[in-house]
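Chains as they are written, first to last, in this note's numbering: chain D, 30 to 145; chain R, 12 to 122.
What the hints contain is simulated information worked out from the structure, not anything from laboratory work. Careful: at least some of the hints might be erroneous.
Stated by the list, open to error - Simulated crosslink set (DSS-like; lysine-lysine; CA at most 30 Å straight-line):
1) K48/R x K82/R
2) K16/R x K65/R
3) K82/R x K16/R
4) K48/R x K40/D
5) K43/D x K86/D
6) K40/D x K65/R
7) K86/D x K79/R
8) K79/R x K67/R
9) K65/R x K79/R
10) K65/R x K82/R
11) K82/R x K86/D
12) K79/R x K100/D
13) K16/R x K48/R
14) K40/D x K100/D
15) K86/D x K100/D
Claimed, not checked - Coverage of chain D stretches by chain R, computed from C-beta distances (three or more under 8 Å per stretch; other residues unrestricted):
16) 65-74
17) 77-86
Source: prediction; values computed, not measured. No residue lacks a Cβ here, since even glycine has one placed at the ideal position from N, Cα and C.
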Amino acid sequence: DTGVSQNPRHKITKRGQNVTFRCDPISEHNRLYWYRQTLGQGPEFLTYFQNEAQLEKSRLLSDRFSAERPKGSFSTLEIQRTEQGDSAMYLCASSLGGGYTGNTIYFGEGSWLTVV
Amino acid sequence: DQQVKQNSPSLSVQEGRISILNCDYTNSMFDYFLWYKKYPAEGPTFLISISSIKDKNEDGRFTVFLNKSAKHLSLHIVPSQPGDSAVYFCAATLTGNQFYFGTGTSLTVIP
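Put together the whole structure using the sequences plus the hints.
Below, the structure written as structure tokens:
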């Protein structure tokens, strides 16, 4: 068990370009979450998957954002036509079942996005 | 609207003393609460949790207290150690799916 893995760890992109982040959850975890964190704020929920099904999306997840988990294992988060306001750390987390006692969500180290 | 609030952005404590970090929430339906610790350039690390049916949970040097009537929880670290210096986030959920995080408190433990 190597924990939740995210890559790339850092991405600098020009405004208007597309970026994609990948998350590999803890192997036996069936739930996968995406959060976003900006400076001075706590993580904000974006979306979560139960296996390959995307079950909930935040209103923060605009049409330019798309997340997939095609085989119920790794997930990708794509941001199209990036804007400077997209600059943030994108955090992936996973859990075995819902995030209750015994099913704590575990975070990866995050992917930093800077849009210039 | 911020459903989970941490009103103290920073806290400094002497090594060996108690650190008390506070968190308030507005949604009385939240039924599970967690504390995470975060070092710079890393993702949050789970520290301790508490269900709404309890008012206290202890794990080594860390104790979380929950006061449902006041919609308040706190994290006590005793004794504080320099390695505890980090940003601490409290989080709450009512479904186990979406977690609401506070803005964090930066703890500095002075040797």
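Does the structure keep K16/R and K48/R at a Cα separation of 30 Å or less?
holds, 16 Å
Has the given pair, K82/R with K86/D, been kept, meaning a C-alpha gap of at most 30 Å?
Roughly 26 Å separates the two Cα atoms, so the pair holds.
Pair hint outcome, K48/R versus K40/D [Cα-Cα no greater than 30 Å]
holds, 24 Å
Pairwise hint evaluation, K82/R against K65/R, where the allowed Cα distance is 30 Å at most:
holds, 13 Å
Can the restraint linking K48/R and K82/R be considered satisfied, given a maximum Cα separation of 30 Å?
Distance of about 21 Å is within 30 Å: holds.
So is the stretch 65-74 of chain D in contact with chain R by the C-beta rule, three or more residues under 8 Å, or is the coverage claim wrong?
Our answer is that it holds, as 6 residues pass the Cβ test (under 8 Å) against chain R, meeting three.
Quick one, are K79/R and K67/R close enough, alpha carbons at most 30 Å?
Holds: K79/R and K67/R sit about 11 Å apart, inside 30 Å.
Within a Cα-Cα threshold of 30 Å, do K40/D and K65/R meet the stated pairing?
Given pair K40/D, K65/R is violated - Cα atoms ~43 Å apart, limit 30 Å.
Going straight from one Cα to the other, do K16/R and K65/R come out at no more than 30 Å?
Between K16/R and K65/R the Cα gap is close to 21 Å, so the pair holds against 30 Å.
Verify the proposed pairing of K79/R with K100/D, using a straight-line Cα cut of 30 Å.
Measuring from Cα to Cα gives roughly 40 Å; hence the hint is violated.
Hint consistency between K65/R and K79/R [alpha-carbon to alpha-carbon, up to 30 Å]:
holds, 9 Å
Regarding the pair K82/R and K16/R, is the alpha-carbon distance no greater than 30 Å?
Holds, because 11 Å separates the two Cα atoms, which is no more than 30 Å.
In the structure shown, a violation is registered for the earlier hints numbered 6, 12, in ascending order.
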